[in-house]
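**Q** Go ahead and model the full structure; you've got the sequences and the hints to work with.
Respectively, the protein sequence lines represent chains B and E. First residue of the first sequence? That's 614 in the working numbering, and the numbers climb one at a time after it. First residue of the second sequence? That's 61 in the working numbering, and the numbers climb one at a time after it.
Worth double-checking, as some hints may not be accurate.
[Unchecked claim] Some chain B residues well away from chain E (every beta-carbon gap over 12 Å; in silico):
(1) Arg878
(2) Arg928
(3) Leu945
[To be verified] Covered stretches of chain E (chain B as the covering partner; in silico rule of three or more C-beta atoms under 8 Å from a C-beta of chain B):
(4) 216-229
(5) 243-253
Since the hints were derived computationally from the structure, they do not count as laboratory data. Each residue gets a CB set at the ideal place from its N, CA and C atoms; glycine is no exception.
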Amino acid sequence: MAGIGFQLRRILSEDTYTATLRAYFYAGLIGSGPWVLSIVSVMLIGVFSLGERMPAQHVRQFLVTVTYLMAVSLIVTGGLQLFFTRFVSDRLFERQHGRVVPNLLGILLLVSVVSAVLALLALGLLFDQPFAYRLLVLANFVVLCNLWLVIIFLSGMKAYNRILAVMLVGYALMVLSAYLLRFLQMEGLLLALLIGHASLLFIFLRDILREYPADRLLAFDFLDRRQTFVSLLATGFCYNLGIWVDKFIFWFNPHTSSAVIGPLRASIFYDLPIFLAYLSIIPGMAVFLVRIETDFAEWYERVYAAIRGGETLQRIGRLKEEMTLSIRQGLLEICKVQGLTVVLLVLLAPRLLEWLGISSYHLPLFYVDLVGVSVQVVFMALLNVFFYLDKRATVLKLCLLFVVLNGALTVFSQRLGPVFFGYGFTLSLLVCVLVGLQLLSSALEDLEYETFMLGR
Amino acid sequence: MSETSSPEPVADVCLLLEGTWPHVRGGVSSWVDQLIRGLPELSFSVCFLGGRRDDYGSPHYPMPANVVHYRECFLESAWQSEPPPTAGRGRDVERDLRILSQFLHAPEEPSAEQGEALLDVLAAGSLGLADVLYSRASWSVIRESYLRHCSDPSFVNYFWSLRIMQAPLLMFGELARRLPRARLIHSVSTGYAGLLGSILQRRWRCAYLLTEHGIYTKERKIDLAQAGWIAERPDDALSTALDAELGYIRRLWIRFFERIGLLTYRSADPIISLYEGNRRRQVQDGADSARTRVIPNGIRLEAWADALARRPRGIPPVVGLVGRVVPIKDVKTFIRAMRGVVSAMPEVQGWIVGPEEEDPAYAAECRNLVVSLGLQEQVRFLGYQKLGDVLPRLGLMVLTSISEAQPLVILEAWAAGTPVISSDVGSCREMIEGGSAEDRDLGSAGDVVAIADPQATARAILQLLRNPTRWQAAQAVGLERVGRYYGEALMLERYRRLYRDAMEGARWPA
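**A** If you want it as structure tokens, here you go:
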């Protein structure tokens, strides 16, 4: 999320209510990212396609295909996202702006080739759908994999009005195309998805190319191990796998799922509540970004400036306490805002689901998921603090813990029966957050020791 | 204590040298060379300590046959060599670190027991470099000592100063465990070499001799006062300028050298200096007066017999300054004194004998001074000359230095029959007027004048040149004095005896 702190502080420096509101709005937009907007758009497409000449079965096949596209592309590129974010921040820190774009194009080329090969293999071996379907899935997959790498630059871009506009245009284009192309059935909807995401990808790419001029077209410096942190690949992979592993377990347990299209299975009563719940994290994400990237980041900078600038140990200690306080306040504020959101949604949920035409059968799971995704925001905030403190090993451990716990507890919850569905996901996040808080506490405790004695 | 070094001595004398022989030319190095070659019946094991390997080229002195073992050790490698994992048995890292920190950095003067405890820690190797550099115990000791003693300067400077001081100590502990055993230890300075000697003595339980040519701790203080590498906060630097008080980090460094010097003074016996002034200084710095003694440098008298024979009859009307043309020799005072001399005795020549390359700007200033005083005819710059050729042609040798220890050139001048006028620095008065009562009875071998006093210098020169009786008396005293007290044979004999006593005498109490 390099650079967003600077943007947020710039907006907040105006010190007016509208500026504050704008900062939170911007943070929500960047933080929740296009993938929350994707959920909304795709759900919108699903909602209006339903009943109009298209059988419910096809709409469902479309939704499940999209879900798999999202899940697999995020898991496949998750490691690269973190890895490349760090690579870019390091290069920007070294003021080597010229190396950004050639390497971005390099990694996009690599991602395109690898994702296309993976998709070709999967589609060729596992699917017997029509060629058009398979081709569109392949194209969508490659575009999504690229998009996830491009959006890591959003936070660093200055023109947030433009980001907003591009997102609106992209998703509007997607929904509109879907409306116009729905006569082509599922293929039309997939084509609309492709048009939407591809337009986002290319417009953002164009903006990045303008922002970071370069004298080379392609570079593969990110493959040089001396300039990168390989552990980030594992961390990003585990984090994204952790987010999806409970879903996969539900999809591939025959008792909780049904085949939808080709080898793709889905679990309608598990999937719908969690996707809806994800929409609720927007306020929490906004608060998380504003607090962590402004308050915490400022204190963090002061602590390290004091260490480098030769301040007394007492002063370094006092600044560290302020930094700790800013973390505490940030987490507390996320909890407050997200807690309020959860309470409101719990109160409104029955009517909301009724209005959306979703069975109240989903309500208990929706409540559990609401709590789960809210804890996930806290988890993300913690991970971000650890990244600031450059505790890559800790983040990797926490993400590994998340994958293992989410997998194990989800399997366990399936044994216990439908009343316990969703608890695996929520509980695993809760444990990770508690462990993370404990680790953070000792990391802050040892901050001076590790900085001075171990040179970390 | 683990015995990794061989129990059977491989050499008689383990000679510890810091920044001198065989890599650096100079007074101390030639003394070392003289000592080793002069005592061929003894075998030496030499350990050279230096800062950075790259600072030293190939050795300037060929290795004598009686050096049976030679090793070099550089401070910079204190960071590279990770000592082998130390035995876990009864290891109390925090206690050891506290001993280290208390002795080296605490403002209070450490007790003898604290010094013993530190040497025990270093000799036993119970503390590893990793303990000092990375352990939590080390962190808490540093933190504590910072909070207790030092609230003013920046922590990062304090922290790194401590690390840079402590790391080499562990390396020397490690080195002490590896050096081959010798019958006695002889260090030629305090400082790191002296510290290594103290650790070695702890392990070998043998005699430990210390010879100091200059006063190491004093020299370090001068270096530190001028050191630009010590990062200090502007207000600290300001206070240095305003009330002549040193910044905290400088004080910390000075204290460090004082403490390791103290450790050496407490371990070594005898503690030898070149002259009485330095002996007093050692006592002032913590050496036990009963252990101190003076052994002056000596020159090979036979080598100068020829020069003496070539001396013409009478007093040559030539006054010579022998030394490099650098500010410390205060050549300008000599030139100004020559103005006074020439006004009274126009026939007198002033020769400046010594290379001018070291400080060309200063040499140019000196030449300008000669011109502006109108002495072009009388004062000549001869550059480097063989002393054996020059000394017989001098009527007087003059030293105007503002700092000297025990200049060999005075002894050489006497051996060549030249009386000497010197500024009152180092051991010069002791040499010219005599040290012991017996020595004083011989009389004066020239004259001593205040530093930077051209009038007094001119007067002293004129008095000797114009008074042949006094001049002849001074020449005779010089010859007698150098022959009696400053012969190389005498110096070597004294060390031979010290070594023999140390090897044969009672084993160091275990």
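**Q** Please go over all the hints and tell whether each is borne out by the structure.
**A** Each hint, compared with the structure:
{"no.": "1", "hint": "Arg878", "result": "holds (52 Å)"}
{"no.": "2", "hint": "Arg928", "result": "violated (8 Å)"}
{"no.": "3", "hint": "Leu945", "result": "holds (30 Å)"}
{"no.": "4", "hint": "216-229", "result": "holds (count 3)"}
{"no.": "5", "hint": "243-253", "result": "violated (count 0)"}
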